[in-house]
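**Student:** So you can see what is in the structure, the chains are spelled out below.
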Amino acid sequence: MTIQHNKVLQKPETFYDTFVRKGDSELKATHYCPGCGHGILHKLIAEAVSDFDIQDKTVLVSPVGCSVFAYYYFDTGNIQSAHGRAPAVGTGYKRANPDSILISYQGDGDLAAIGANEIIQAANRGEAMTVFFVNNAIYGMTGGQMAPTTLIGQKTTTTPYGRNSHSEGFPIRMSEIIATLEAPVYVERCMLTDARNIAKTRKAVRKALKAQIDHKGFSFVEVLSGCPTGWKMTPQEAKNWIDSVLSKYFVPGVFKDVIEEREPIIIKQETPSFKDYHKLMDISHLSEKEDVVPTPEKNNFHEELKIAGFGGQGLLSLGYVIANVAMGHQYEVSWLPSYGPEMRGGTANCSVKISDKRIGAPLVANPTTLIVMNKPSLEKFENDVVSGGTIIYDSGLIDTPPSRDDVTVIGLPATEMADKLGSTKAANMIVLGIFAYLKKQILSDHYIRWALPQILKNKAFHEINQKAFQTGFDYADKHV
Amino acid sequence: MKKVLIKGNDAVVRGALLAGCRNYFGYPITPASEIAEGSALLFPRVGGTFLQAESEIGAINMLYGAASSGVRCMTASSSPGISLKMEGISYLAGSELPCVIVDITRGGPGLGNIAPEQGDYNQIVKGGGHGNYKLIVLAPNSAQEMCDLTMLAFELADKYRNPTVIMADGTIGQMMEPVEFPQPVTSFPKKDWAVKATAETRENLVSSIELDPDRLEVHNQKLQKKYAIIEEKEVRCEEYRSDDAEILLCGFGIVSRLLQSVVDEMRAEGIPVGLIRPITLFPFPRKIIDVYASKKNVRFFNVFELNNGQMVDDVKLVVNGRKPVLFYGRMGGNLPTIKEISAEIMKNMRQS
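So the sequence lines, in the order shown, correspond to chains A and B.
Counting from 1, one number per residue, gives the positions in the first sequence under my numbering.
Counting from 1, one number per residue, gives the positions in the second sequence under my numbering.
Hints may be right or wrong, so weigh each one.
Cross-link-like lysine to aspartate or glutamate pairs, in silico, EDC-like; alpha carbons within 20 Å at most [claimed, not checked]:
1. A:Lys440 to A:Glu416
2. B:Lys126 to B:Glu269
3. A:Lys279 to B:Glu210
4. A:Lys279 to B:Glu217
5. A:Lys22 to B:Asp313
6. B:Lys2 to A:Glu332
7. A:Lys210 to A:Asp53
8. A:Lys57 to B:Asp214
9. A:Lys439 to A:Asp399
10. A:Lys22 to B:Glu217
11. A:Lys57 to B:Glu265
12. A:Lys28 to B:Glu232
13. A:Lys43 to B:Glu203
14. B:Lys126 to B:Glu96
15. B:Lys3 to A:Glu332
16. B:Lys316 to B:Glu238
17. A:Lys357 to B:Glu238
18. B:Lys3 to A:Asp356
19. B:Lys191 to A:Asp356
20. A:Lys57 to B:Glu238
21. A:Lys203 to A:Asp214
22. B:Lys2 to A:Asp99
23. A:Lys357 to B:Glu269
24. A:Lys22 to B:Glu37
These are calculated hints, taken from the structure and not from any lab test.
All chains should be modelled from the sequences, with the hints used to inform the complete structure.
**Tutor:** Given below as structure tokens:
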């Protein structure tokens, strides 16, 4: 890309010729105070955008502060953002539109105070944007209050006795901080005090933009700029103060430049075909080819299961399998993990409802079947089971059997049995076998055998799951 | 097409993808984290962006940036995270940016807990951010609706250039139910206003600042007109066995599922109860409630919520003294049982 150098004496095309959005009678003048640096920096940016021929694809994020109205002047796409959030807004924009050129323009309160986290994080991610940071050591628009960059001893309306490090801390050097991060490719501090420094700033502006054009990543240019109004100085005094005081603390210079070393990162946006969108969306569902899906008679079938034990016993999975199988049988189902205060405890439970009617409340308060795999769960839920219901419990892990005499109680050492089959983890499938046997009028065991590997996809467990299911089913056949 | 057993939160992710959303910005928080996790897994696979932001504030502002360019984009969080997003939500509404925000609500105030509560109603429906804005608010009560209403949310957001919220409590987010996935959306509305980094859209500006009081007032009046149109056209409400009901139960989200069971149980005993379930919380189904409030055979309204009584105010405004409006609420993440709800209704019947 060649840069045209023959336009210096005219207004860059990237600036509007008249500032119609500004809305007052001064349609050719900016609203900035005499001696303010915004106008100069605006012009340097506008010239660079024109010269790089990127005006159409440039988007400028105006911050909060005096430069909130940058969109009055820049004939580019414009977005105005909340205080401090420009780097986040820029991130969202650039991620959605990687081919754009995103310029974030921020003042010192915006960038170093309220938005300090946003700028650090965007820089750290290496967002492919260019940030221009105007540091004038004061809050200009709100009338001259202390900024994070206000110097020690500097008087502002909120530090009327001068900034005191014990109370307000020290001025923050943002360029130095940003430069310590790995991702940024270019960090420089410049100033706008005289022709030589403005030329340096012009060069920095172009370098930072070029880095983005070349897909090199995040660049950051800090510009020391005068605020004669806030500082209560004449424009000339302001320039002198930058030269003699401000730039001694915020020392100009290049803090990082690894543009040449970095490979361009070009993000390709693909639009995949939606032909196989189930696969794309990772939606696992039972095969549609199966012709053994039984459609059982539906006569007021309503089952409410509570499955409880320790986390890790596969009880939520057991509920998931049962719900899936019942869904395969065309029932309405719901599955709800114990959700709420217990969620981070050592015990786990889930509620499963199976019905031939629309399911209302998904939480099972009074189970028709209670499956329990540890003692605390039995103690907790035993009395909730409906009269005439069923309790299935692991008799190897629970030494005191249920005391209810109005329910069917089935105890079996499921965990021990699973151990013998080769995996403690398969205890839940033994219980599934028991449950399937008890509900064989409703759930087809042939269907469950077929569906199991499709529901629990981990191939390593397919064989043991089938074995365990059969073991439970046979046990129930003999003992129930 | 076969149904898939899936969590409500996962159904949101799929609904978003089917709606053509390819940009997700979020920050993890229980009980909404599956939405971030699912998006992290799937969005890159369809050429989209998933980005874990530095904070909820970062995420909502990334949404602002992405939405500015006219793409379909989404974030999800839960109550305390939504509080952090409020500044951004006000800006999104002020700038009229379409986007979808999912709030899987939990117990509050403050850090509260991770159990299901509906204490965000006022914040979301009445505006927790500053200014005279309204969000379109959808309140699903099943995994299927988590998918369907997410798709609808993108459509409404684009149609009205307005942020749209899916507000569901943790139970709806965490429960699995069969979901039938609709066909993906393939045609999208034009967005001539968007800043697309093209020559055609170079003049466009996304902004919510208007210093001149007269112009800001005009902008606000324009917004109010838009909200009035939304109120006219976009009400969604489910009525369940309510035609001949003398007692009208009212609740949204998970509560409506409990109330549905209550209606079935009480109807089986011959008690004439029915259910009105607002699906859109804004626009609120005023006209429907108004019809019942005028019916002679209606004895009272009984509103149930998982909060201190927030939606009940909206019901009272419509009923306007014509019938008693009674309220029962649970907080702290506790769900009332069917028995408790029935007992409350019976008590109110005896007293009315």
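**Student:** For every hint, state whether the structure bears it out.
**Tutor:** Hints, one by one, checked against the model:
no.	hint	verdict
1	A:Lys440 to A:Glu416	violated, 25 Å
2	B:Lys126 to B:Glu269	violated, 38 Å
3	A:Lys279 to B:Glu210	violated, 47 Å
4	A:Lys279 to B:Glu217	violated, 50 Å
5	A:Lys22 to B:Asp313	violated, 43 Å
6	B:Lys2 to A:Glu332	holds, 13 Å
7	A:Lys210 to A:Asp53	holds, 11 Å
8	A:Lys57 to B:Asp214	violated, 33 Å
9	A:Lys439 to A:Asp399	violated, 27 Å
10	A:Lys22 to B:Glu217	holds, 18 Å
11	A:Lys57 to B:Glu265	violated, 62 Å
12	A:Lys28 to B:Glu232	violated, 45 Å
13	A:Lys43 to B:Glu203	holds, 19 Å
14	B:Lys126 to B:Glu96	holds, 17 Å
15	B:Lys3 to A:Glu332	holds, 11 Å
16	B:Lys316 to B:Glu238	holds, 19 Å
17	A:Lys357 to B:Glu238	holds, 17 Å
18	B:Lys3 to A:Asp356	holds, 16 Å
19	B:Lys191 to A:Asp356	violated, 45 Å
20	A:Lys57 to B:Glu238	violated, 47 Å
21	A:Lys203 to A:Asp214	holds, 16 Å
22	B:Lys2 to A:Asp99	violated, 40 Å
23	A:Lys357 to B:Glu269	holds, 18 Å
24	A:Lys22 to B:Glu37	violated, 45 Å
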